[in-house]
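K.L.:
If you want the building blocks of each chain, they are given just below.
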Amino acid sequence: MNESTPGKPRVKELMKKLTQDYYGDAARAHNEDRFVAYTTAVSPVELFVAHDVIPIYPENHSVMCITKRMTTRLSTAIEKKGYTTHLCAYARSDLGYRELGESPIGGLPDPDFLLACNAQCFTLTKWFEVLSRRYGAPLFVFDTPQYIRNKKARRNIIRYVEAEIYELITALENLTGKKFDYDRLREVLIYSRDACRLYKEFLDLAAHKPSPVNIFDALIHMAIIVYLRGTPQAVQYYQGLVDEIRREKVAQGIGVIPNERFRLYWENLPVWFKFREHANLLASYGAVILTSLYVHSWSYDFDVSDPIRTLAENYTSVFSNVELEERAERALDLFQRYDLNGNIMFLNRSCKAVTFGEHELREILTQRTGIPVLLFESDMGDPRFYSEVQVKTRLEAYFETLERLNV
Amino acid sequence: MENRIVRELSDIANNPYEMARRQRAASGQKIIGSTLADVPEELIHAAGLLPFTILGTNRPIRRASALLPDNACSLSRSDLELVLTYETDLFDGFVLPQVDDTTQHLSDIWRRKIPTSFFECYLIPRQVDRPSARQWLLDETNRLKASLEKFTDRKISNDELHKSIVLYNDNRRLLRKIYDLKRQDGDIIGNRAFFELIKSSMFLPEETHTRELRHLLPQLEKKAPSGANKGLRFVVAGIVWEPPAVMTILDELKINVVGDDLCTGTRHIANDVSTDGDPVAALVERHFKKGPFSPIHNRGNRIQENLVDLVRRYGADGILYLHLKFFESQDYDLPDLKQGMGEEGIPMYVLDTEYQTTHLAQVKTRVQAFAESIRGE
Ligand code: SF4
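These protein sequences, in sequence, are chains E and S. Numbering-wise (my numbering), the first sequence opens with residue 1 and increments by one. Numbering-wise (my numbering), the second sequence opens with residue 1001 and increments by one.
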């Protein structure tokens, strides 16, 4: 490994610092009379950043609860209140945290405002409704009708979403008593555009052979694009990341694993509490998971010449909000660009928004690629629905099949 | 003595498919199936088509499981099963409304798996408290209209749409009148019979149904309140009253349903469409007058407020909440709703149901126990 360039922190340290600063800022927000908005990972957060409202992502916090293996405990606490185990594990972790006050980072500041963008899922609206009642804070449902492949409908949808952005701006002005600054929005959007481009560049490094990054790297590094979109720090971070990987891995032909044989696609979110183990297990088969549509959810392409329009278009057309055929096309593009030869499809009990179309998606992907699929059902966050034995046996059988087919 | 009209409409509510087939053969009209909720039937009707609401099946789930995971709600799975397995040749086209993740995916799966010459989704706004939603629904309703026109190869005139609106308003008005009679005295018409009147209106040609109701209303009006029925009065909450035996059980327990917020109940018959001005705009306006519906976000705590209001307005003794298995939206509402009703001092019982419920004896025991707890027995 190379030494890091003097004066430049390695990205790992940078991530730690950015994360600490971000949560530190959030924790102080109320003492400093700043406003806190809960929002969803896919949402026009640029508006909050531009208006100096601190965006907080309960989903992110829930991921931390899950990876710290707190979810079963948190969930059990709210099951006693009548919530069922088939709700999204993020929601259960979050509501459990509200109940028990247990958090891996000492908690989140209470919201002054909530925004749920349903391009990502419907679940968030209902989860945030519960929080909105709890804190007496208004919930803004940022409604994004399915971005169907119909020109007329698309024009109308974008018009609707643009109107909602203006409504959101008014809501933020009412919240803070401050006029919204459109010049500042453009500035923030430029940071977002640049960070998203670099983030995508980072993800696309997986096209190299052997691949210098795997999906687990993507899952770790995506945190910054989720919660620091719209800031110069995010741009700097991904620039550093891309440079570092190019310098230390790509330039020297170093891959994630030594003998890369199987380059896999992963459908859905990860099994968060298992993903390191999965990486190791797969490596023993010479397999590496390179990408998923999920991690590409933040590869936005903003056109800063029309901020409102570009926000509407980007946040409406995320993969979970397009028709199945279009979602399949986007996955197929990854198969082609990254030269993938294996496909693991995870049916995630937690996430109906991503999972319910998956049987159909599988049909399209197998028809178009001829690559066999390993389909397994479990939960991204709740170990009670995860069977180690099942996953191991299925993986073993799957790689035997791939070997046999001599992929 | 059992009323002939009530019996006939009940038969249709329980098995509408033969009737629909005959109707299609006789009139030559095409049948457009739509799932719940809020598709403007008036528009389909004005296009010269027969609107038919797809309300699932209580028969076993066979093929839907391979397309939609088991934790999708019972209604969506039953709807899909109905068209995949049981009624494969009845429909000439479909309009599928979307309100949540399940209906969004259902729409994709349906479009791909059910062969048909007409398929349209209807993208209902999932918020109703901001002006943007109105403009959006107007755009979307106009798009649906244009799509129907393309399918039938003829324009829907304002005059035609106006006539359809008047017809559907009449139907709703008659059903609401009957509901009022029933509220006065549950002996005038039973729960199952009444809710089957509503259900059958979702299947039968509106002209036929309205004609039947016109005959029925005076017959029911003649039955003066006997005052003999001193049973409990319930509000029924939820999405659909399934399985239908739930209503029979309430009848057997002499409980009168005096209010509801069901899609196959009040949501279907409340609120007329204005007959002034642009008829499409009037359809849209009606949508925003409707009561709260769990998947559609509305400011505040409208679901609870509405139920409390129904209980108070109609002097109900309690709420029977029908929780449809895996209906995610209800899952999120329920804990707060239970607590809220506790604070309001309104007894509420949550009955878990699904289309394929088989343990009806158990259902009865539970509802009975709830009723007894209210009576203080
Ligand atoms: S349902 Fe899916 S998209 Fe929604 S919060 Fe849960 S994991 Fe995220």
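Since the hints were derived computationally from the structure, they do not count as laboratory data. A portion of the hints provided could be inaccurate.
Label pairs and their computed distance ranges (CB to CB) [claimed, not checked]: (1) GLU1305/S / ARG34/E: 30 to 40 Å; (2) GLU326/E / ALA1066/S: 48 to 58 Å; (3) GLY1277/S / GLU326/E: 36 to 46 Å; (4) GLY1277/S / LYS80/E: 46 to 56 Å; (5) THR1085/S / THR366/E: 42 to 52 Å; (6) ARG330/E / ARG1059/S: 45 to 55 Å; (7) THR76/E / ALA1066/S: 39 to 49 Å; (8) GLN1362/S / GLY24/E: 18 to 28 Å; (9) ASP1089/S / GLU326/E: 48 to 58 Å; (10) SER305/E / ASN1014/S: 27 to 37 Å.
Anything over 10 Å on all C-beta distances counts as not near chain S; from chain E, calculated [unchecked claim]: (11) TYR23; (12) ASP52; (13) LEU108; (14) TRP127; (15) GLU129; (16) ALA223; (17) THR355; (18) ARG394.
Yeah, the Cβ is synthetic: ideal placement off N, Cα and C, and Gly gets one too.
K.L.:
Now tell me, hint by hint, if it's right for this structure.
P.N.:
Quick rundown of the hints versus the structure:
| no. | hint | verdict |
| --- | --- | --- |
| 1 | GLU1305/S / ARG34/E: 30 to 40 Å | holds, 33 Å |
| 2 | GLU326/E / ALA1066/S: 48 to 58 Å | violated, 23 Å |
| 3 | GLY1277/S / GLU326/E: 36 to 46 Å | holds, 38 Å |
| 4 | GLY1277/S / LYS80/E: 46 to 56 Å | holds, 53 Å |
| 5 | THR1085/S / THR366/E: 42 to 52 Å | violated, 24 Å |
| 6 | ARG330/E / ARG1059/S: 45 to 55 Å | violated, 37 Å |
| 7 | THR76/E / ALA1066/S: 39 to 49 Å | violated, 33 Å |
| 8 | GLN1362/S / GLY24/E: 18 to 28 Å | violated, 54 Å |
| 9 | ASP1089/S / GLU326/E: 48 to 58 Å | violated, 30 Å |
| 10 | SER305/E / ASN1014/S: 27 to 37 Å | violated, 60 Å |
| 11 | TYR23 | holds, 27 Å |
| 12 | ASP52 | holds, 23 Å |
| 13 | LEU108 | holds, 19 Å |
| 14 | TRP127 | violated, 7 Å |
| 15 | GLU129 | violated, 7 Å |
| 16 | ALA223 | holds, 24 Å |
| 17 | THR355 | violated, 6 Å |
| 18 | ARG394 | holds, 17 Å |
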